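Protein chains: 2
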Amino acid sequence: MNVPEPTLRRLPWYLSNLKLLKQRGAAHVSSTQISKDINIDASQIAKDLSFVNISGRTRVGYEVDTLIAALEDFLGFTALHKAFLFGVGSLGGALLRDSGLKHFGLEIVAAFDVKPSLVGTSIEGIPIFHTDELAQRMSQYHVPIGVLTVPIEIAQEITDKMVEGGIKAVWNFTPFRIRVPQDIVVQNTSLYAHLAVMFNRLSTIDRKP
Amino acid sequence: MNVPEPTLRRLPWYLSNLKLLKQRGAAHVSSTQISKDINIDASQIAKDLSFVNISGRTRVGYEVDTLIAALEDFLGFTALHKAFLFGVGSLGGALLRDSGLKHFGLEIVAAFDVKPSLVGTSIEGIPIFHTDELAQRMSQYHVPIGVLTVPIEIAQEITDKMVEGGIKAVWNFTPFRIRVPQDIVVQNTSLYAHLAVMFNRLSTIDRKP
Chain B
1 MNVPEPTLRR LPWYLSNLKL LKQRGAAHVS STQISKDINI DASQIAKDLS
51 FVNISGRTRV GYEVDTLIAA LEDFLGFTAL HKAFLFGVGS LGGALLRDSG
101 LKHFGLEIVA AFDVKPSLVG TSIEGIPIFH TDELAQRMSQ YHVPIGVLTV
151 PIEIAQEITD KMVEGGIKAV WNFTPFRIRV PQDIVVQNTS LYAHLAVMFN
201 RLSTIDRKP
Chain P
1001 MNVPEPTLRR LPWYLSNLKL LKQRGAAHVS STQISKDINI DASQIAKDLS
1051 FVNISGRTRV GYEVDTLIAA LEDFLGFTAL HKAFLFGVGS LGGALLRDSG
1101 LKHFGLEIVA AFDVKPSLVG TSIEGIPIFH TDELAQRMSQ YHVPIGVLTV
1151 PIEIAQEITD KMVEGGIKAV WNFTPFRIRV PQDIVVQNTS LYAHLAVMFN
1201 RLSTIDRKP
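Residue numbers (this note's numbering), protein chains in the order written: chain B, 1 to 209; chain P, 1001 to 1209.
Think of the hints as simulated: they come from the structure by calculation, not from any bench.
None of these values were measured; they are calculated from a predicted model.
Mixed in with the good hints, there may be bad ones.
Which chain P residues face chain B? A few, computed with CB under 10 Å, are given here [as the list claims (entries may be wrong)]:
#1 Trp1171
#2 Leu1195
#3 Ile1205
Note that beta-carbon positions come from the ideal geometry of N, C-alpha and C, so glycine has one too.
Model the full structure from these sequences, guided by the hints.
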């Protein structure tokens, strides 16, 4: 089911709120309660949760444990999705060291670069191969996801290689707008675009009297 | 000027495209050319660029060098914005090691945590202080931005401390929906929400015949 992106972006908010409520000892929760905590309309929350296959009971609400498990499963955080990372620069290396991704369902099993000083080494146990070895490693690992952290000059070229190699989804951290065939998923996460938005908002409040 | 967020998110795409064109030796570029490269309507590009204080000339187009400089300046990438980072866990540590942020205008000058094994140490030359020292360090550094990479249980508490300490903008990497006073800027960058969207899209194409 193709769930609307705004819903998919809000569901992790509910999940983290539920985890917090659980820690505080709550066994049941209503969408009204979640609404108060995170400042989103209760009707919106109920609508979003209707995509997840679980229903609340009148007056009692949702069971916290059940809803947490259902959300984690629905969001894909309980299955491990294998990924290759391309470009072991500053950000790429940082992502290889971020073990948190694994808790949310992403397991980077190998990385690729062309730098002789990197190829053949590993970071946090994740081996770094030469980009030319992609086809060979693909047949070994069968990986659906590619994390793109290369310089912009080669972002498109590496994307093309990924797709040719069988990658089905590209998590694009570069500020470059990559092009892919229609059946390939692209998720753009440009930290720099987010920085630009933040800087602009900051300069706007700075100028207020 | 409060520039629309979609515009602010697209401008870095144009910037990276321009840098690429420059590398390839282009001196002038039209919005039509950029449009072909990155698959966005030329009229949309011209409209977005109208926020930046620069104009193209009929037939000749924009000067590549001038437009790059104007965009970098407009997006806030040329000024260094100082930031504190809160929570030196897996992701926090990774961000401290990502020197790329500096090239886009963000300089993390200090980090805060409560772990005795971390406090007093440093990562890439960035000192790690105890969270209790925030007020003291704030008067020393005068920092407008706080990067939030703490566990969700303390996300709101640390946010409140930041705001109390004088932070004007919070870059929130947690999946928690934090609350702030109206004049505080929040930029949410939840990698996990992006993962959820990608996983869902991936499972949808997997199920296609």
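Taking the hints in turn, this is what the structure says about them:
1. Trp1171: Holds, about 6 Å.
2. Leu1195: 5 Å, holds
3. Ile1205: Holds. Min distance 6 Å.
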